[in-house]
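> Given the structure of chain E, go ahead and fit chain U onto it with the hints provided.
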Amino acid sequence: MAAIVAFLGAWQLSGLFLNPIFLSTPLAILRAFLEIVADGTLVRAFLGSLEEMVLGLAAATLLGFGLGILMGRSRLAQRTFEPFVNFFNATPTIALLPLMEIWFGTDIRARVAFIVIICVWTLVINALSGVRNVSRGYADVGIAFGLDPFARTWKIFVPAAMPYLIAGMRVALAQATVGMVLGGQEVGESGLGGLTERYGSFFETDHLIAAIISSTALALLLFGMLRICQYRLFPWITATAAERR
Amino acid sequence: MNVKPLLEIRHLSHTYETKRRRVEALRDINLEVRAGEFMSLVGPSGCGKTTLLRIINGLTPHSEGSVVLDGVELRGVSRDMGFVFQDINLLPWRSVVRNVEIGLEARGLGARERRRQALNALRLVGLEEEAEAPPYTLSGGMQQRVGVARALAVEPKVLLMDEPFGHLDNFTRESLQIEISKLCTELGMTVVFVTHDVDEAIFLSDRIALFHSSPGRLARIIDVDLPRPRWQFNVRAHPLAIRLRELIVSELDVRRGLAI
Numbered sequence: 001m002a003a004i005v006a007f008l009g010a011w012q013l014s015g016l017f018l019n020p021i022f023l024s025t026p027l028a029i030l031r032a033f034l035e036i037v038a039d040g041t042l043v044r045a046f047l048g049s050l051e052e053m054v055l056g057l058a059a060a061t062l063l064g065f066g067l068g069i070l071m072g073r074s075r076l077a078q079r080t081f082e083p084f085v086n087f088f089n090a091t092p093t094i095a096l097l098p099l100m101e102i103w104f105g106t107d108i109r110a111r112v113a114f115i116v117i118i119c120v121w122t123l124v125i126n127a128l129s130g131v132r133n134v135s136r137g138y139a140d141v142g143i144a145f146g147l148d149p150f151a152r153t154w155k156i157f158v159p160a161a162m163p164y165l166i167a168g169m170r171v172a173l174a175q176a177t178v179g180m181v182l183g184g185q186e187v188g189e190s191g192l193g194g195l196t197e198r199y200g201s202f203f204e205t206d207h208l209i210a211a212i213i214s215s216t217a218l219a220l221l222l223f224g225m226l227r228i229c230q231y232r233l234f235p236w237i238t239a240t241a242a243e244r245r
Numbered sequence: 001m002n003v004k005p006l007l008e009i010r011h012l013s014h015t016y017e018t019k020r021r022r023v024e025a026l027r028d029i030n031l032e033v034r035a036g037e038f039m040s041l042v043g044p045s046g047c048g049k050t051t052l053l054r055i056i057n058g059l060t061p062h063s064e065g066s067v068v069l070d071g072v073e074l075r076g077v078s079r080d081m082g083f084v085f086q087d088i089n090l091l092p093w094r095s096v097v098r099n100v101e102i103g104l105e106a107r108g109l110g111a112r113e114r115r116r117q118a119l120n121a122l123r124l125v126g127l128e129e130e131a132e133a134p135p136y137t138l139s140g141g142m143q144q145r146v147g148v149a150r151a152l153a154v155e156p157k158v159l160l161m162d163e164p165f166g167h168l169d170n171f172t173r174e175s176l177q178i179e180i181s182k183l184c185t186e187l188g189m190t191v192v193f194v195t196h197d198v199d200e201a202i203f204l205s206d207r208i209a210l211f212h213s214s215p216g217r218l219a220r221i222i223d224v225d226l227p228r229p230r231w232q233f234n235v236r237a238h239p240l241a242i243r244l245r246e247l248i249v250s251e252l253d254v255r256r257g258l259a260i
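Protein chains in written order, with the working numbering: chain E, 1 to 245; chain U, 1 to 260.
Hints listed in this document are in silico derivations from the structure and should not be mistaken for laboratory results. Just so it is clear, the structure is predicted and the values come from calculations on it, not from any experiment. From the three backbone atoms N, C-alpha and C, an ideal C-beta is built for every residue, glycine too. Any given hint could be a false lead.
[As the list claims (entries may be wrong)] Quick list of the computed label-pair ranges, beta carbon to beta carbon:
| hint | chain 1 | residue 1 | chain 2 | residue 2 | range |
| --- | --- | --- | --- | --- | --- |
| 1 | E | Asn89 | U | Ser139 | 37 to 47 Å |
| 2 | U | Phe171 | E | Ala239 | 43 to 53 Å |
| 3 | E | Leu76 | U | Thr185 | 48 to 58 Å |
[Said to hold, decoys possible] Selected chain E positions facing chain U (in silico; Cβ < 8 Å):
| hint | residue |
| --- | --- |
| 4 | Gly137 |
| 5 | Asp140 |
| 6 | Gly146 |
| 7 | Pro149 |
| 8 | Ala151 |
Chain E on its own, in the form it takes in the complex (with noise of 0.2 Å):
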């Protein structure tokens, strides 16, 4: 705590020697921050940004986990799969962005399509060596108590990856964050990415660091809903942690 005032302190001093244009200071930003919430303009990025991130998260969260848990428990979707997910994990994933556009028009499709295709592919190998490290005496049960292998999968499998689950949805929202601002940067100027975009062009640096750090509130926002989701539906996570290390 003490620290972080004093890193806030010495940057409003900072200020007495720097062009504003280059840092700001924390008082312009505050000042900038509540400009733009007042006249509604980073309101509306924010929940523009939100529903594109909630959006695409879910669509990659589905696929990403189906395909997975489907490769994860079945030797041959993993054989026909495999080389696709490692291509598309291999390849930078920005490239696509301008791929997106020809696909789905400059607008929110194309910018939640953009944060699905960055962060899937995690969300597709977590799941898949989450299902393959599911311990053998859990999966024995399943088996020695009669489920066939559809109800050892929902049963035993999936509950079984939770953590690597829960672990790999950690990482693709950082990921989605990403493409949410570079999405809303480059396709139609829009939400908290678009506003990034604008403040820069126009050197406003105290509003564009005001857009900067309402993004990773969005992210961190987001961050503790995953671990609220988590504590209260499955707690026995991080009650068992200790036993499993």
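Just chain U now, kept in the frame of chain E:
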């Protein structure tokens, strides 16, 4: 005593391949387990006793021979057996009672009926009170009692137990041995019990099947004609128990370094 065997293992052999070699795990096992009997499989590590138990249940497929339950040759996993694992393997994302329900879910019972049978099984092991608790909040001994309840809930014809008390401390182990002995007598349960603890086998069993290793084969079967109930006297000090222990230990030939 009922002479008709409930469970028969006929000319059962099992070989498997690793990357480097072929391993003969079990050679020509012939074994009959009578209805209501408590049979232990005892032998040194690597004698294939756990593999045999897994084969009986269908968890591990076997190469040759057959497992026959009630006159019917088994294919795949049997619905008429309950399995108790050494590692217990309770699912941490399910409450105690939902763990006990898992075998009933596979048998297509309705939610209400499942709950009723699961609570009954928990009552048998004295853990009805813990039904809603997460399993990881229970002690090791209590967790394994849940493991037993889970196996009993499916109303099995045969209860298969794979070194169920192997990971527990001495005191817990002894009290669970007594409890299992009582429970199985009460229910008239047919049990196949794997252990490497000779005293445990003598305390619990009607008969003990001794195994040799490399390849795993049945050495001999020993009758344990100790009176029951056995928790009412010191079994270990009983002259017959001492003689049986000598017999088993010499048969397994501990002196040659084949640890029991």
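> Identify every previously stated hint that the structure contradicts and give their numbers, smallest first.
2 and 7
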